[in-house]
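Throughout the sequence shown, residue numbering follows UniProt numbering, covering 1 to 429 in sequence.
Treat the hints loosely; a few may be bogus.
Stated by the list, open to error - Cβ-Cβ distance ranges computed for the label pairs, FRET-style:
| no. | residue 1 | residue 2 | range |
| --- | --- | --- | --- |
| 1 | A70 | P133 | 34 to 40 Å |
| 2 | Q128 | A223 | 20 to 26 Å |
| 3 | V21 | R363 | 49 to 55 Å |
| 4 | G248 | T310 | 37 to 43 Å |
| 5 | G277 | A70 | 55 to 61 Å |
Rather than coming from a laboratory, the hints here were simulated on the basis of the structure. All C-beta atoms in this analysis are idealised placements derived from N, C-alpha and C, irrespective of residue type, glycine included.
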Amino acid sequence: MTVRGDGSRRVSVGKADSDHVRRQNRSLVLSALRRREPIARVDLGAETHLSPATITAITADLIAEGLVEARDDEVESGEAQAEPARRGRPRVMLRLDPTAGYVLAAKISRDSIVLQLADFDGRIIDRQEAIVPTYEETRDGFPVKLAGLLGRIVADNGIDFRQVAEIAIGAQGFVDTNTGSVMWSPAFSVRDMRLVEPLKALTGRNCILSNDANMIAQALHEANPDIYSGTFAVIFVDQGVGAGLFVGDRLHHGAAGSAAEFGHMNHLPNGALCQCGRRGCLEAYIADYAIHRQALGLPEDAPPLSVRPTQGELIAHEAAAYAGDEAMRAIYDRAGEALGYGLARLMALINPSRIVLTGGSVRAYPLFEAGLKAAIESALVEDLRRSTVIETLPWQTDMIMTGLVSYMLTRLDREVFANPAEARRFRVG
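With these hints in hand, go ahead and build the complete structure from the sequences.
The following block contains the structure:
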């Protein structure tokens, strides 16, 4: 920065641009190491399209800062290497130093909190689950309880909390990422449960909040970016109905972070009662409690909390439908129709290349598939529906946790560890 004669200041654009490029290149190298480690420098250059001189300079800095390890001849069995071995000189392989920092993930659902501690390499060190009566928690009390659980998993593994780079929380319901608050969730009786700022104050660590379904989309993208990239959607159907969106190859949050509330689009005005308190939501026709409410012959305004089915009851409903029970088959057919009309709106709006249906209810997909496809065909012209692949994915309960860890590490590579000034902050001792 220079000072003119009149006292005004002028920022050196060249230096600012140079710093930006340097941070961007560091981020590319860190991301490539996550995908391909252990990797030789020459292969790292091919992966990132950076020059040998740039790769050498960046990796030297990352090693000095404790983010990357250099080891001789650390080659996976059968792994092809582009760098030729030199006589008398071992090949140097690079990998992330797992102790460079740690991340904490927490998934909040009704009466349960799942926690995971992962190292800088993304390896899960520990996983714990606490049974917490979340519906009885207060705005003041719950962040304190959550901070205590986070502190316990870190202490149990002998890690100094100052080494934790970030905490990520995945929650059901409407989340506002701007305020760091769960505006509404079936897990809480209170609304506007603020989490981010209280946890920052209690732990001294940066904290982020996301809708749990978004993290499923993040996990799929991380696991197989060749298939799950560009614009695609994940629809989660279980106790509730949620959605995660990738749009333009980026996780979509919306203006306040509550985008993709697929289950709470209106399906029928003044229709069945949803657990959000409104009537006619799509969720009120396809979620587990909606199926169970109909199977019991209860009215549409029966409170969802009073008809929470067990997994055994749901499996019994599905078995009856598969066995030919016409009443149960009609319930699943109507659920498929409701879901199909919802998917048709989504397809018309964002034209996704792929829609992934997951959650416990995918067990029943063959029962509602016909109704779903008929509704989509009725709602959309062929040109709008033929480019979208619809698939089911057996539900894995750790996908949300996998997405939380992946999202944190990707974000940290891009926004924190790409800055040399931040690199040593999580080293203790």
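message: Taking the earlier hints as the rules, which of them does this structure contradict?
response: 1
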